[in-house]
Amino acid sequence: MSAEGLLLLLSGFLLSPLLQGVINRTKAVFAGRKGSPLLQQYRDMAKLLRKGAVFSTTTTGIFRIAPSAVLVLVAAAYTLLAPSTVESGWGFPGDLILFVYCLGLARFLTVTAALDTGSSFEGMGASREVLYSALAEPALIIGLAVLARVSGEMSFSGVFHGLGDSEWLSAGTALAIVVVSFLIVMLAENSRIPFDDPNTHLELTMVHEVMVLDCSGPDFALITYGASLKLWLFASLMVNLAISPLGLSGYAQVAGFLGGMLFAGILVGTIESVTARLSLLKTPGLLTGAGALAVLAFILAARYLQ
Amino acid sequence: MTAYIDIILVGLILSNFILLGSSRLGNCIRIAAWQGIMVGLLPMATAEAGFSFRIAALGSAVIVLKGFVFPKLLSRALRESDTSREVQPFIGYTASLIAGVLALSASFWLDGRLNLPIHSASAIVVPVSLSLMFTGLFLVVARRMAITQVIGYLVLENGIYALGLAIVRDLPFLVELGVLMDVFVAVFVMGIAIYRINREFDHIDSHRLAKLKG
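From first to last, the protein sequence lines stand for chains Z and H.
According to our numbering, the first sequence is numbered sequentially starting from 1.
According to our numbering, the second sequence is numbered sequentially starting from 1001.
Hints may contain errors.
To be verified - Taking CB as the label site, the calculated pair distances span:
#1 Gly61(Z) to Ala1123(H): 40 to 46 Å
#2 Ala1003(H) to Thr200(Z): 53 to 59 Å
#3 Phe1201(H) to Ser166(Z): 33 to 39 Å
#4 Asp165(Z) to Phe1201(H): 38 to 44 Å
#5 Val72(Z) to Leu1137(H): 48 to 54 Å
#6 Gly123(Z) to Val1189(H): 51 to 57 Å
#7 Gly1178(H) to Leu169(Z): 49 to 55 Å
#8 Phe263(Z) to Ile1007(H): 54 to 60 Å
#9 Phe108(Z) to Ile1007(H): 39 to 45 Å
#10 Val1141(H) to Ile62(Z): 48 to 54 Å
These are calculated hints, taken from the structure and not from any lab test.
All residues carry an ideal CB built from backbone N, CA and C; glycine is no exception.
Build out the structure end to end from the sequences listed, making use of the hints.
This is the structure in structure tokens:
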């Protein structure tokens, strides 16, 4: 692997909690507060890692395995995606599908671990998580299918190396719609506003936070880190696509990517500051909208490239 | 030029999706106004012989009518009827959105099958106008409120207008003005009808009008 690829890969593992810090700082600026330090999430994780873990007697092995397994799966998905923009031979045909499946398995483990505790609140959260993901996953897969269709490749490195000026000229509208669709999927998959409020502590309204109520100590640190990495993963999918028409390579690509991620963090913070959380009954409509956008992009891409 | 046309056409599809998924009537009227403005910009973008006074006049007439006059009439009717949202449509919003996606795919499929012998300005102008017509018809059938039905009628008319542009690329001025006049009268009459219905029955739910019989 080249130095640029390694840099991209490590940036996610090291900087993903910082993205949360950027989002929180943006929200604080909007609200006129000083806000928590940018590195707050690292401190939280360090504190949690020093603590001991408590396990409820009703839980089984699934509950103990899930936090680390989820982190490993998200990290695997990220490893498939991250270096692919600068490494031309990275991955293999079909790694787009493996990417989605890794995330699906991670979600399955989170949900089963939540059900394993036997808590009714966690069951509610699990049910919502499954509902959202059932609607967000088609949007993600169809969006990836558009990328595969436009670039004619089935792997991330093929896709990102195949998307250049000419593709954006001929199918630019379709690709721009995919970027918007990925943005909505990112907000839904990471339980951000308008789908869920990550700061809320009312069990009745939470989605992701309620599923991990019983996790403590190092397990909770792994979950927090996994959630940051997942946010970074979805944001980097969107940013890589959005900066693909610039035709960057090497260190310029790395710099462009990191700048794009900073912009994505500010964008998410802005969205969270200016919109209210949607009521639970309305969120499926928005997610269906993301799916509709992805289908529209696919139809347009198929038509333009005839 | 094709890029501008495509952006307008994709904007039309997106406005369709919003109309199908939105329950607030005021929001629907605003989106329909935007759709009217985009449709009015279409002839300026598709004109083969370049920009001329005739096209500019036609386009601005459409923009003024569909973008400002109709929305004004509809918002007045809405204000007087004291309703702000469609509460119970015959087909729910998520299902409507899915129907819109299906209609879009169907119109692209239909366009491929029809194989119209025209050289239109853009590859997607015919399917987009077909999907506008389908969406308009769907709104007329699937919604209870008289205002949403009028909006559906406007969307349907937008589709017919765009299809006309796609086929002959520039329309005879008088014919087009005549059609616009008809639509104007129709919306005017419907606005008065909504007002009368509201005064007589205290609501604009067209479904409940069936109870008048017997």
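Against the structure, the hints:
One distance hint, 40 to 46 Å for the beta-carbon pair Gly61(Z) and Ala1123(H), is violated here, with the actual separation near 56 Å. Separation of Ala1003(H) from Thr200(Z) is about 43 Å and departs from the stated range, judged on CB atoms against 53 to 59 Å. Look at Phe1201(H) against Ser166(Z): about 60 Å separates their beta carbons, and that is not inside 33 to 39 Å. For the pair Asp165(Z) and Phe1201(H), the supplied restraint of 38 to 44 Å is violated, since their beta-carbon distance comes to about 60 Å.
Evaluation of the 48 to 54 Å hint for Val72(Z) and Leu1137(H) yields a pass: the beta carbon distance comes to about 51 Å. At about 55 Å, the beta-carbon gap between Gly123(Z) and Val1189(H) stays in the expected band of 51 to 57 Å. In this structure the hint that Gly1178(H) and Leu169(Z) lie 49 to 55 Å apart at CB is violated, the actual value being about 40 Å. At about 23 Å, the CB distance of Phe263(Z) to Ile1007(H) disagrees with the hint of 54 to 60 Å.
A hinted range of 39 to 45 Å for the beta carbons of Phe108(Z) and Ile1007(H) is consistent with their spacing of about 40 Å. As the Cβ distance of Val1141(H) to Ile62(Z) is approximately 49 Å, the hint placing it in 48 to 54 Å holds.
Going through the hint list in order, the structure does not satisfy hints 1, 2, 3, 4, 7 and 8.
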